[in-house]
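Student: So the protein sequences, as listed, match chains A and B. With the working numbering, the residue at position 37 of the first sequence is 37, and numbering never jumps. With the working numbering, the residue at position 21 of the second sequence is 21, and numbering never jumps.
Mixed in with the good hints there might be a few duds.
SDA-like cross-link-like pairs, simulated, lysine to any residue; straight-line CA separation at most 25 Å [claimed, not checked]: (1) A:K57 - B:L250; (2) A:K57 - B:Q112; (3) A:K57 - B:L130; (4) A:K57 - B:V55; (5) A:K57 - B:F19; (6) B:K58 - A:E66; (7) A:K57 - B:G63; (8) A:K57 - B:R45; (9) B:K58 - A:S67; (10) A:K57 - B:S49; (11) A:K57 - B:L122; (12) A:K57 - B:P77; (13) A:K57 - B:I137; (14) A:K57 - B:Y135; (15) A:K57 - B:E129; (16) B:K58 - A:R53; (17) A:K57 - B:C82; (18) A:K57 - B:L88; (19) B:K58 - B:S184; (20) B:K58 - A:K94; (21) A:K57 - B:V114.
Label pairs and their calculated CB-CB ranges [said to hold, decoys possible]: (22) A:S102 - B:H16: 49 to 55 Å; (23) A:L86 - B:R45: 52 to 58 Å; (24) B:F59 - A:R20: 51 to 57 Å.
Just a few of them, taken from the derived set where beta-carbon distance is under 8 Å, the chain A residues facing chain B [said to hold, decoys possible]: (25) D23; (26) R38; (27) G39; (28) E70.
Rather than coming from a laboratory, the hints here were simulated on the basis of the structure. Ideal placement from N, C-alpha and C gives every residue a C-beta, glycine not left out.
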Amino acid sequence: MRSHTYLGEFELMVLLTILRLGDEAYGVPLARELAIMRGSEVSIGSVYATLDRLEIKGLIASSLGESTPERGGRAKRYFRVTEQGLRAVHATRKILSKLWKSLPSPAEELA
Amino acid sequence: MKPTGSVTLATWMLEHLTFGPNREALAGDLLEELRHGRSASWYRREVASAIGIEVLTKFRNYGPRLIFSFAWSMLYPLWWLCIIKAPLAHTLFVRWATTDWPLSTSLGVVGQIVPAIAFVWLGLFIYLELFRRYYQIIENGCHSERSEEPPHFVFAFAVARSLILYAISEFALMLCAEGTHKPSALRLLASLSISLNVLLITTMGLWSHISPTGVHLSYVARENSSFHSHLIAISLPLALSLLSAISSALSHTQRRRHGTASVAS
């Protein structure tokens, strides 16, 4: 049986952001949304490196979109989460939820 | 709209120093951000970052096979020592030396090339076996039952098994195998052929480089146990040959894309 695909922190963030953006998920809005959520700048190159990795794992799929003059005639690449990707996100949430249940609050820890 | 003249060099570098399928999209995204008010220094930083990530990714993918190729080629003197110490090989070399020209020269060349090819191909089989076992451990070991064998035993077993059985039994199995991390028989044959070509070409290159210095290539190859500068020279064709074979055999496992690209109207 093939093993479960474990997601890294940034991979999970990228997957959730793609789901959040829906049909508008390409490099620029992905990086912007991630920057807003994380509260710090995100390099577009690192976003693409993660997207590439996720696509190789089969968790996302991409398709070429329209090319515009402001992009120097280069086409956008839109990303969507695959069924396998959605299952991986749910599985990761399940594992993390279990682990977070045993997380002590800072007040308890100090006491 | 900002002028893009100041970022021409950065754009050129992005297009020529990155190789991923998303290169075009990345370049377009960066230009789009630039046109929406980002500074040229931001653009250059992003390009440098993308190239850095690309280099790191490539090294992560090719690093192990590069290290293995060069480390394996360093064992060639020991391999050569084993061959010339073998009674059969010794007898053959003596017999070849006493034959008339041009047979003696031809057999001499064969005696140099065959051990080198066998050495490279053995390295390829060992690497493929280790690679396959590594992925078996990664894919199966984490979830289901934990393996009773410690990792070092697994690898020692893999090497020993490769030495004895791989060339015969695994190759036959490969003809009908559909394993994810196994190259097909055809790809393996192509890899062996490529390794042979690379070995011959690089050896000829090395020969043309060394011959003006007065050192004969066969003399360098026979320097079996001493470590001097020529050892590195003779190891280079072997390492490049093995690296090309491994890269060719495993090229299909690098990218298994699931998405299909289409152009929206």
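Student: Enumerate the violated hints, using their earlier numbering and listing them in ascending order.
Tutor: Those not satisfied are hints 2, 6, 8, 9, 11, 12, 17, 18, 20, 21, 23, 24, 25, 26 and 27.
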